[in-house]
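Enquirer: Please build the complex by placing chain B on the supplied structure of chain A, with the hints as guidance.
For the protein sequence lines, the chains are A and B, in the order given. Residue 1 is where the first sequence starts when you use the working numbering, and the numbers rise one by one after that. Residue 1 is where the second sequence starts when you use the working numbering, and the numbers rise one by one after that.
Example chain A residues on the side facing chain B (calculated, C-beta under 10 Å, incomplete):
no.: 1; residue: Q37
no.: 2; residue: S42
no.: 3; residue: L43
no.: 4; residue: S94
no.: 5; residue: E104
no.: 6; residue: Q105
no.: 7; residue: F107
What the hints contain is simulated information worked out from the structure, not anything from laboratory work. Beta carbons are placed, not taken as given, at the ideal position from N, Cα and C, and that holds for glycine.
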Amino acid sequence: SAVISQKPSRDICQRGTSLTIQCQVDSQVTMMFWYRQQPGQSLTLIATANQGSEATYESGFVIDKFPISRPNLTFSTLTVSNMSPEDSSIYLCSSGPPSSSYNEQFFGPGTRLTVL
Amino acid sequence: DAKTTQPPSMDCAEGRAANLPCNHSTISGNEYVYWYRQIHSQGPQYIIHGLKNNETNEMASLIITEDRKSSTLILPHATLRDTAVYYCIVRPNFGNEKLTFGTGTRLTIIP
Numbered sequence: 001s002a003v004i005s006q007k008p009s010r011d012i013c014q015r016g017t018s019l020t021i022q023c024q025v026d027s028q029v030t031m032m033f034w035y036r037q038q039p040g041q042s043l044t045l046i047a048t049a050n051q052g053s054e055a056t057y058e059s060g061f062v063i064d065k066f067p068i069s070r071p072n073l074t075f076s077t078l079t080v081s082n083m084s085p086e087d088s089s090i091y092l093c094s095s096g097p098p099s100s101s102y103n104e105q106f107f108g109p110g111t112r113l114t115v116l
Numbered sequence: 001d002a003k004t005t006q007p008p009s010m011d012c013a014e015g016r017a018a019n020l021p022c023n024h025s026t027i028s029g030n031e032y033v034y035w036y037r038q039i040h041s042q043g044p045q046y047i048i049h050g051l052k053n054n055e056t057n058e059m060a061s062l063i064i065t066e067d068r069k070s071s072t073l074i075l076p077h078a079t080l081r082d083t084a085v086y087y088c089i090v091r092p093n094f095g096n097e098k099l100t101f102g103t104g105t106r107l108t109i110i111p
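Chain B extracted, bound-state conformation:
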């Protein structure tokens, strides 16, 4: 079973920051928070991951609470191409560990 809880859907205006929350209250000490997204008719795409510090890359920022029980993915300037289903996944930081997908958040960017 997925160990994360996400809102089923969200809307965001184009050009604004999209903030996607995720609850993972049962996360273990050795588990990282990973985010993937799936654009319609494509395979999932890795976005970012982190353990306890905030992380930023060219796609997004990841904010993890101090108690690590929740996190927020931030897309700083959303575009129409960011419309997708976003999945928050917790797992050990070994690349060969399987991914357990929850139901994700369907993000729609509004023109």
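Same shape as in the complex, but just chain A:
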């Protein structure tokens, strides 16, 4: 399996500031994904990050608000820019399978963001 860690685990931020969330996978993976989970809601995909190319954003999410980096096969960052209280959510990173032995995706523990 793939073990995923995220930093920070939680943060409280002021509106108008930006926060960068880091995601580290213990195996090389082709695809990484970023999800948002608003309070009491299900997960919504923000974007797919493929190493060496621009991230692919889902409808309703834009690069200026959620810039993503994917510098190598084990690491990605998501920045939440110019934050407002509506950005208060849990942000989760996931990875595609680390090898052909797996068909599932693996998830990090999430970053709980509160914007004041």
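Expert: For chain B alone, kept in the frame of chain A given last:
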């Protein structure tokens, strides 16, 4: 949009089998049924997946109807640690395909 329908919540007594239904009447021929669960304050965890045959692993069993329009996840001997939100997802069987989460079923195991 999610392509599955699940009851919003269910209760199950500890030690009994928990049977979680899922409707996926528009499933395509190349799509598999995946189940994930999310325990409170954790990331989702993969449970099991299948195409048309019933599947069993150390966590659960998956029963898929012959027409593939619905399925049931079975936790054979539920424990308090199985309390979670369970998500049924249909997608092609490529690990790098994105997951589209519906609202899931909140399963509560009662002592």
